[in-house]
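S.K.: Residue strings, one per chain:
Protein chains: 2
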Amino acid sequence: MQAQPDVDDLKVIAFDVFGTVVDWHGGIAAEVERLLPGVDGGAFALAWRAGYQPAMRGVMERIAAGEGGFTLLDELHLSILENVLRDLGVTRLDAAHKRELNRAWHRLPAWPDAVAGLARLKSKYIVCTLSNGNIGLLTEMAKHAGLPWDCVLSAEVFKAYKPDPRTYLGVAGVFDIAPRQVMLAAAHHDDLAAARACGLRTAYIERPNEFGAAQPKDVSPQAGNELHVADIGVLADRLGC
Amino acid sequence: MQAQPDVDDLKVIAFDVFGTVVDWHGGIAAEVERLLPGVDGGAFALAWRAGYQPAMRGVMERIAAGEGGFTLLDELHLSILENVLRDLGVTRLDAAHKRELNRAWHRLPAWPDAVAGLARLKSKYIVCTLSNGNIGLLTEMAKHAGLPWDCVLSAEVFKAYKPDPRTYLGVAGVFDIAPRQVMLAAAHHDDLAAARACGLRTAYIERPNEFGAAQPKDVSPQAGNELHVADIGVLADRLGC
Numbered sequence: 000m001q002a003q004p005d006v007d008d009l010k011v012i013a014f015d016v017f018g019t020v021v022d023w024h025g026g027i028a029a030e031v032e033r034l035l036p037g038v039d040g041g042a043f044a045l046a047w048r049a050g051y052q053p054a055m056r057g058v059m060e061r062i063a064a065g066e067g068g069f070t071l072l073d074e075l076h077l078s079i080l081e082n083v084l085r086d087l088g089v090t091r092l093d094a095a096h097k098r099e100l101n102r103a104w105h106r107l108p109a110w111p112d113a114v115a116g117l118a119r120l121k122s123k124y125i126v127c128t129l130s131n132g133n134i135g136l137l138t139e140m141a142k143h144a145g146l147p148w149d150c151v152l153s154a155e156v157f158k159a160y161k162p163d164p165r166t167y168l169g170v171a172g173v174f175d176i177a178p179r180q181v182m183l184a185a186a187h188h189d190d191l192a193a194a195r196a197c198g199l200r201t202a203y204i205e206r207p208n209e210f211g212a213a214q215p216k217d218v219s220p221q222a223g224n225e226l227h228v229a230d231i232g233v234l235a236d237r238l239g240c
Numbered sequence: 000m001q002a003q004p005d006v007d008d009l010k011v012i013a014f015d016v017f018g019t020v021v022d023w024h025g026g027i028a029a030e031v032e033r034l035l036p037g038v039d040g041g042a043f044a045l046a047w048r049a050g051y052q053p054a055m056r057g058v059m060e061r062i063a064a065g066e067g068g069f070t071l072l073d074e075l076h077l078s079i080l081e082n083v084l085r086d087l088g089v090t091r092l093d094a095a096h097k098r099e100l101n102r103a104w105h106r107l108p109a110w111p112d113a114v115a116g117l118a119r120l121k122s123k124y125i126v127c128t129l130s131n132g133n134i135g136l137l138t139e140m141a142k143h144a145g146l147p148w149d150c151v152l153s154a155e156v157f158k159a160y161k162p163d164p165r166t167y168l169g170v171a172g173v174f175d176i177a178p179r180q181v182m183l184a185a186a187h188h189d190d191l192a193a194a195r196a197c198g199l200r201t202a203y204i205e206r207p208n209e210f211g212a213a214q215p216k217d218v219s220p221q222a223g224n225e226l227h228v229a230d231i232g233v234l235a236d237r238l239g240c
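Line by line, the protein sequences are chains B and R.
For the first sequence, counting from 1, position 108 maps to 107 in numbering that gives the first Met the number 0; every step adds exactly one.
For the second sequence, counting from 1, position 150 maps to 149 in numbering that gives the first Met the number 0; every step adds exactly one.
Treat the hints with care, since some could be wrong.
Same chains, same label: a pair holds when it works inside one copy or across any pair of copies.
Keeping only pairs whose Cα atoms sit at most 27 Å apart, straight-line, the calculated DSSO-like set for lysine-lysine is [stated by the list, open to error]:
id, residue 1, residue 2
1, Lys216, Lys10
2, Lys123, Lys10
3, Lys123, Lys97
4, Lys142, Lys10
5, Lys142, Lys97
6, Lys121, Lys142
In short, the hints are calculated from the structure, not lab data.
Hey, can you work out the whole structure from these sequences and the hints?
M.R.: Next comes the structure, spelled out in structure tokens:
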């Protein structure tokens, strides 16, 4: 059994969302199979998500070069979707159906432990999102999945994307507290490392099936995280909620 | 009985907060009397709130002149508090107690109809704040009073204060909908008029005791509001929730 962490002054737990709180792979696969019968939903989901990092890098480079403004994740998802459809030779979706499919990201299902775990944490801490998703997307997702956030914080609030320090430090700024009083909870070590570099506490959440049960993810611990837990229920246990 | 409003395409109800959802007069008066025994809490609350409009005008003028940045309402409240204490000759509060008193705005009580009314509206619409209060203030207030917002929108998100059109149109932008699909609910006709000028629907909420029971406010209807209701419960009735 791990020791109880020293978290006396902790006030806010900010959650990464895609993969950490909701199952994007399962949710997108199901919606693709609903809207595009005959298409392999799991492979489609992986291709769509694989387009995210390069697209986000492109946006950040354009902003850094003074050539572009802040872009909502909904817009980014739609442009990646166009590429995926083209690469797969799928031509049967009109603009309205593409838009409908793009909103599948607003309807992703929560991991089974998320709603109850967040409700427990909320009894003691402020629980919020910290995602590159846009506010509308995250709000509709929360309403659909029943995620009980105290507030929705996003790249859109800070006009900067993770892993930009303005996002992690922005959470502390919103609540007028020290970075150490914020914990980032995420299923991604790079996100957590960037938060830790800003002085936040970090909790790794194992999500071995983030990319589907067919290709389990390595969820080994890495040094530096205050906590490493199987799911959000265990996080609530460890924080005494 | 008023006719049922035509609101088929309504998606979001955005609420003004101070006076509309929470009782700033009663809340501040009680906290002043707790922290400053012997001081007239009601008069103190009125003086503090009376400083808001001139202070906010000053901020907006400095921003327009390129001389100042966005200022959080918490900071504005603290500077007004200094003035009120000086005007009343109250010298017994140190910096920590001033800060504690300033956070009384984070702990304001909801009007008795607010929590249940919002929960009913939330079953059918997205319900959010649209306030010049900062995100941290509004989030802590919601947690304290049990206000079940789907998300917290604020001047801090749009980097503009009401009645700037960027705030009202910003709500529509966040949810990628037309201005007519957003309704502003507020106890202040000037706020509603500014929202209507941007194409939003509007609902006036009567709060005759906003300034205390001793000086009831005129809550007469004004032309142009889609709805005029006694409280948030009646708003839910009228919208069929």
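S.K.: Compare the structure with each hint and give your call.
M.R.: Status of the hints after comparison with the structure:
In the homo-oligomer, the alpha carbons of Lys216 and Lys10 never lie at most 27 Å apart, since the shortest distance is 31 Å inside one protomer and 39 Å across protomers. Within a single copy, Lys123 and Lys10 get their C-alpha atoms as close as 8 Å, which meets the 27 Å cut-off; across copies the closest is 32 Å, which misses it. Only between protomers do Lys123 and Lys97 lie at most 27 Å apart by alpha-carbon distance; the minimum there is 25 Å, versus 41 Å within a single protomer. In this assembly of identical chains, the alpha carbons of Lys142 and Lys10 lie at most 27 Å apart whether taken from the same copy (24 Å) or from different copies (13 Å).
In this assembly of identical chains, Lys142 and Lys97 lie within 27 Å of each other by CA distance solely inside one copy; the values are 22 Å within and 38 Å between copies. In this assembly of identical chains, the alpha carbons of Lys121 and Lys142 lie at most 27 Å apart whether taken from the same copy (16 Å) or from different copies (9 Å).
Figure legend: structure checked against the earlier numbered hints; the only hint not met is number 1.
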